[in-house]
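One line per chain: the protein sequences are A and B, in this order.
Under the numbering used here, residue 746 is the last one in the first sequence; the count climbs by one each step, no gaps.
Under the numbering used here, residue 746 is the last one in the second sequence; the count climbs by one each step, no gaps.
Just so you know, these hints were derived from the structure itself, not from any lab.
Because the structure is a prediction, the values reported are computed rather than measured.
Backbone N, C-alpha and C fix where the C-beta goes; we use that ideal spot for every residue, glycine too.
Mixed in with the good hints, there may be bad ones.
[Claimed, not checked] Calculated lysine-lysine pairs in the BS3-like style (CA-CA distance at most 30 Å, straight line):
1) A:K671 x B:K215
2) B:K677 x A:K656
3) B:K354 x A:K677
4) A:K677 x B:K215
5) A:K533 x B:K354
6) B:K672 x A:K677
7) B:K533 x A:K533
8) A:K677 x B:K660
9) B:K215 x A:K215
10) A:K215 x B:K677
11) A:K671 x B:K672
12) A:K672 x B:K672
13) B:K533 x A:K268
14) A:K672 x B:K677
15) A:K391 x B:K354
16) A:K215 x B:K671
17) A:K672 x B:K215
18) A:K671 x B:K677
19) A:K597 x B:K533
20) A:K671 x B:K671
21) A:K354 x B:K656
22) A:K533 x B:K597
23) A:K215 x B:K672
24) B:K671 x A:K672
25) A:K677 x B:K533
26) B:K677 x A:K660
[What the hints assert, rightly or not] Pair ranges (Cβ atoms, derived):
27) A:A564 x B:K656: 57 to 65 Å
28) A:I315 x B:E222: 53 to 61 Å
29) B:E481 x A:N665: 39 to 47 Å
30) A:A41 x B:K656: 52 to 60 Å
31) A:P337 x B:G356: 37 to 45 Å
32) A:D339 x B:G356: 33 to 41 Å
33) B:R571 x A:I315: 50 to 58 Å
34) A:R392 x B:R303: 55 to 63 Å
35) A:N665 x B:K671: 25 to 33 Å
36) A:K590 x B:R303: 57 to 65 Å
37) A:G390 x B:A605: 19 to 27 Å
38) B:R571 x A:R392: 24 to 32 Å
39) B:G219 x A:A57: 44 to 52 Å
2 protein chains.
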Amino acid sequence: MDFLYTNLIYLIPVFGLIGIAVMAVKAAWVTKQDAGDGDMAQLAGYIADGAMAFLRAEWKVLSYFVIVAGILLAYSGTTVHTSSPVIAISFVVGAFLSAFAGFLGMRIATKANVRTTQAARTSLSQALKVSFTGGTVMGLGVAGLAIIGLGSLFIVFFTIYVKNTGGDVNGEAMAKALDVLAGFSLGAESIALFARVGGGIYTKAADVGADLVGKVEAGIPEDDVRNPATIADNVGDNVGDVAGMGADLFGSYVATMLATMVLGREIKSNDMFGGIAPVLLPMVIAGLGLIFSIVGASFVRIRTETSSVQKALNIGNWASIILTAIATIFLVNWMLPNDTFHMLRDEIPGGGLKEGSLEFTKTGVIYSIMVGLVVGTLMSMITEYYTAMGKRPVLGIIRQSSTGHATNIIAGLAVGMESTVLPILVLAAGIYGSYHFAGLYGVAIAAAGMMSTTAMQLAIDAFGPIADNAGGIAEMSRLPEEVRHRTDNLDAVGNTTAATGKGFAIASAALTSLALFAAFVGVAGIEHIDIYKADVLAGLFVGGMIPFIFSALCISAVGRAAMAMVEEVRRQFREIPGIMEYKAKPEYEKCVAISTKASIREMVAPGLIALISPIIVGFIFGPEVLGGMLAGVTVSGVLMGIFQSNAGGAWDNAKKSFEKGVEINGEMYYKKSEPHKASVTGDTVGDPFKDTSGPSMNILIKLMSIVSLVIAPHLHKDLNHSPRLQREIHIQSMVMPAKQAVKNKI
Amino acid sequence: MDFLYTNLIYLIPVFGLIGIAVMAVKAAWVTKQDAGDGDMAQLAGYIADGAMAFLRAEWKVLSYFVIVAGILLAYSGTTVHTSSPVIAISFVVGAFLSAFAGFLGMRIATKANVRTTQAARTSLSQALKVSFTGGTVMGLGVAGLAIIGLGSLFIVFFTIYVKNTGGDVNGEAMAKALDVLAGFSLGAESIALFARVGGGIYTKAADVGADLVGKVEAGIPEDDVRNPATIADNVGDNVGDVAGMGADLFGSYVATMLATMVLGREIKSNDMFGGIAPVLLPMVIAGLGLIFSIVGASFVRIRTETSSVQKALNIGNWASIILTAIATIFLVNWMLPNDTFHMLRDEIPGGGLKEGSLEFTKTGVIYSIMVGLVVGTLMSMITEYYTAMGKRPVLGIIRQSSTGHATNIIAGLAVGMESTVLPILVLAAGIYGSYHFAGLYGVAIAAAGMMSTTAMQLAIDAFGPIADNAGGIAEMSRLPEEVRHRTDNLDAVGNTTAATGKGFAIASAALTSLALFAAFVGVAGIEHIDIYKADVLAGLFVGGMIPFIFSALCISAVGRAAMAMVEEVRRQFREIPGIMEYKAKPEYEKCVAISTKASIREMVAPGLIALISPIIVGFIFGPEVLGGMLAGVTVSGVLMGIFQSNAGGAWDNAKKSFEKGVEINGEMYYKKSEPHKASVTGDTVGDPFKDTSGPSMNILIKLMSIVSLVIAPHLHKDLNHSPRLQREIHIQSMVMPAKQAVKNKI
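Work out the full structure: start from the sequences and follow the hints.
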């Protein structure tokens, strides 16, 4: 035990290494599966090349961004308790690992897709095994790299700033270490934003463009090899749903741990780990979650052709959640002492606690974690209800498709708006409950609990686009009906898991943002964020507006890029004779280039809004107004995220329902009927909602919170409240006394 | 002067009486115009009967509501400084006057419509005169009744509670008078909500239903006498855009004055009016605005067939705004003393002011009013930009209509979301600026300034649906082309004024809500609404969600009612032979009945959400959480209101652009082209957005603020923070000391 007490901090990256090792084994297994015959291999090659081309183009732009932002960070990081250029290194590492995680996932996904198609020629169980193992590689890679990165950097910064200086683990020294560590999260989340937005624009420009000309105008099926945009469409699944989603969850996972660590510093704990148990706890929980995700993944298997794929995934998911929950109870009991905790910020300088402060015990911490797990589960279930076939919301959309395009759209928008109610009530209860049990630390650790099985969640999420691609390759290679039937089965499950995954992602983002928000308040040294003040209220309004303009930029980018795609496809049909008779090959690469160029160009504006607006507001109007803006962006972002994701999901499944036939007022309707055409319109509108702007909301709210957290030390109220100009004049004379003031206060 | 100093309070209702007198003259003039021949008169009769049938059905339901709510208010009004059953009387008067204002407007509108058609047979200038005079009757009726009602009740309550008791005009006595007066606003706003939602559902169910079967399926023009839903459609313009809008602005107008008065009580003023100048000021400004609206209205005229109707309206509008602004400068200078003011809540019991408190002078008050006028004007201009033909946003939607229904929808949604940016920045700057100049009172008086020319605004707004109806009657009576041409000209201007009117309405609602929010904080006796507290943040989330569920209920109600309408119209086309050949008359009354029944049934749920949720949250979680919820609902409501109204307006004008022909990529497209069909889908989706849910947002946020203000005394922190149950046990023993505490504090 003594060994563990002293060395737990060094063991954290080991969890990550285990994850990466298992990942490597699984990746090798996938790679050695049969990749099918010449036609399939060629198509898969196009997809893999297109995906890599996008990543290369994206990385080129992002590397400029990382360099510029890194230099700015290094240059500006010299006040209060943030020491410095080191934060830039932290930032670059975070950015690199996030990009690398996306790359790993995409590489395996573009291998697993064609191998799943090939496996589907033999059996459903084999096809599930290949596609889910591909997903697992992604999940383990993301979680493993996150834990290794965050854990290692924490060891380094803790050693430099705290251990070697003999600094206070609850004070200035640890604050410095965590401030620098925040750069890691900033790097990860920045890349996540660009990857999500860029990938989202890419995939939907291709998808919408391919559908509008292919399905609607030319009357050829989806994933038809004659459609010039079909390769771009399949590439899109990889760059959007795999790389984008991977970077997104990498960012959430890291941000959650970081926020909990920052709040954990403010808890004086008389534990066996040198008083840093509350800081280490979120990382250890994540490590356990990673291990139990590996265990859970081994439960995912089916025996016969008629077994339920959804059930197999559910068993794996529940296994990992329940095992992690049980392990967490023992872990918290072991790590935290039997004391009563409170936050340092609640102490009154003379002694005692402020009125209304909250005290809690380790049992409260356990309860908070359970609240997080329950909130995550409920959010996924509610999302499933609102987007699943055969349930009231989707049936309502189907019924309203019978009176045309317009009523289909109205119905979908209404479903999306209505679907915000239960998630918000669950979230509000979760905030209330986790705070009740363990204060602000409780809110953060609830998010950490929810995110602990990220590896498993991501495995399930990434399985979807792999199956989707596998189906696409089967269709394009014109494989036998039964193969397509098996991949369709997997794809249908993938649609549901994609929806529930989004519910989970938005819940985790909301809790993470609140935790970051609480961390921000502490670091900025403010005591209230009073919305009844006119300037804070103005900030709230401006913050609430940002998700609207962000969404507008995303969906109009998709609209524009899709139009360019439509025109290119129409041109190819017109100018290249013989495409329709399979005699000539379409110029796939031109469509890939359109999506790539559009997505890279269009991801810049929304990205900059998220990065720059907190900096402007924070430095001009001060931390309290910035706090108001963050609250606005969080509330509005969560609402817009749920609204858009669920509306899109419901439209998608309403359309899919027509494939099997639906009954409206006693009549049966199938594909190509008028109601089906109306449902295709809804699905197309829903595409950018559910795969571009909707899921970007998560990252938007997290990123803005992290940016605020990183600049918070510069806005510290003990420094001043005044605009930047004035600040810079005084800065030299103020830094020293301010540092002193902060030190005294802590 | 001495006479004025003593009797100004009694002169306020006189302004209202002048308005009503002018209204009566103008109404008589409209009534004596020629109502056309038999066919026209018959159609107009159908419309008038349908409109009255709706009002009667609505009033029946609302009278139950008013009785129940009145009894509850009377029963519960017995704590702290709200004394009593009197608030119930105040509530009933407000409800009655609001309904009566709607009735007056609708009666004149259903007369003016056919008379405008008849006038259009002679000249455009005559048609404008009749339709605009009809609108003026509505505007003067609403403003006149509001001033008479509020002014008279204030005289009564001031006399009972302050003058007769010799009570403190800044203290308990005046607070009681204003608390009771808040019942008037509650009554007005409750009726407004039901009228707006009910009317909105009615008009759009009829409109969407008529369009889907008539224009799309049967291929007959809009307002064709063969369409069974056409009468319902024209009735809808009256019950939604006239009666609904009238009740809406009646509510805003009253709420703004009330909020300013409540905040004005907290200003110690050594003026010549017995210290109540800050309380009287908003009512006197409104009175002046009413007079100058009458003056402005006289400027609205054109001379020739080619004169610009828009320009004539603009001249009238600007005249009333500028004259009111100038008069207000003199008024404030005359009424307020040359002192420095502050709010009572900023005083420290021992003397001096709290840190960060704001002091201001009468010049600051003038500046704040100017800020309000500028904000209102800018909001209207921005709205016009985003919804006008020939501007970038609408042109973008037109271009994206060329690739189908889905891209048209995507473009419109993007425009709506984007259109939130400038209004929010203007609003945030307005909040910041008006607060800067005169504190919380400044925010309220800015709203009062903006609302001062309500009579003129409403005249311009109500002119639109009258012109629209006139066009409908011309089409249905198959009058000559030139008549329809003139009414189309008026109708086109009416569409623009409808859009700018919505911008104005949302701006006024936002500022009013903030003023009410500030008043609520004072009356509830809380010092902060700290969003960094977990429970307040949870309240913010729940509040933010309410506009989403409210919108979902509204638009799905329209969807459902429109489907019922579609089925009825299809049935009539199928079962009544000869409709298409003008040989048989459709059963108009069946369609009218469907709209009436649906709208009455569907308005209940959203209405109850708005009324009940603040009560539940306030009593269970206390005033600070309720404050968080109000902030959430205000921000999210303003955003959703702007988003939905502007998206709807832009879609509408994109569709209208096809009537004259539009150029896309070098080709011309007209009505019946594929892009035009796509634009009709957008217009239909936009209908419930812009005329049902969007404009209801205004009332939702105001009503929830007023409900909170009315219950605020019961939540007073000096009473307790605890849940209601606990409260009721203690209430008797607490009331007296609490009253004492409040008195001492003030």
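Results of checking the hints against the structure:
no.	hint	in the structure
1	A:K671 x B:K215	holds, 25 Å
2	B:K677 x A:K656	holds, 25 Å
3	B:K354 x A:K677	violated, 65 Å
4	A:K677 x B:K215	holds, 19 Å
5	A:K533 x B:K354	holds, 14 Å
6	B:K672 x A:K677	holds, 19 Å
7	B:K533 x A:K533	holds, 16 Å
8	A:K677 x B:K660	holds, 29 Å
9	B:K215 x A:K215	holds, 27 Å
10	A:K215 x B:K677	holds, 19 Å
11	A:K671 x B:K672	holds, 26 Å
12	A:K672 x B:K672	holds, 22 Å
13	B:K533 x A:K268	holds, 21 Å
14	A:K672 x B:K677	holds, 19 Å
15	A:K391 x B:K354	violated, 57 Å
16	A:K215 x B:K671	holds, 25 Å
17	A:K672 x B:K215	holds, 23 Å
18	A:K671 x B:K677	holds, 22 Å
19	A:K597 x B:K533	violated, 45 Å
20	A:K671 x B:K671	holds, 29 Å
21	A:K354 x B:K656	violated, 62 Å
22	A:K533 x B:K597	violated, 45 Å
23	A:K215 x B:K672	holds, 23 Å
24	B:K671 x A:K672	holds, 26 Å
25	A:K677 x B:K533	violated, 49 Å
26	B:K677 x A:K660	holds, 29 Å
27	A:A564 x B:K656: 57 to 65 Å	violated, 27 Å
28	A:I315 x B:E222: 53 to 61 Å	holds, 58 Å
29	B:E481 x A:N665: 39 to 47 Å	holds, 41 Å
30	A:A41 x B:K656: 52 to 60 Å	holds, 54 Å
31	A:P337 x B:G356: 37 to 45 Å	holds, 41 Å
32	A:D339 x B:G356: 33 to 41 Å	holds, 37 Å
33	B:R571 x A:I315: 50 to 58 Å	holds, 51 Å
34	A:R392 x B:R303: 55 to 63 Å	holds, 60 Å
35	A:N665 x B:K671: 25 to 33 Å	holds, 31 Å
36	A:K590 x B:R303: 57 to 65 Å	holds, 60 Å
37	A:G390 x B:A605: 19 to 27 Å	holds, 25 Å
38	B:R571 x A:R392: 24 to 32 Å	holds, 26 Å
39	B:G219 x A:A57: 44 to 52 Å	holds, 49 Å
The structure does not agree with the numbered hints 3, 15, 19, 21, 22, 25, 27 stated previously, though it agrees with the rest.
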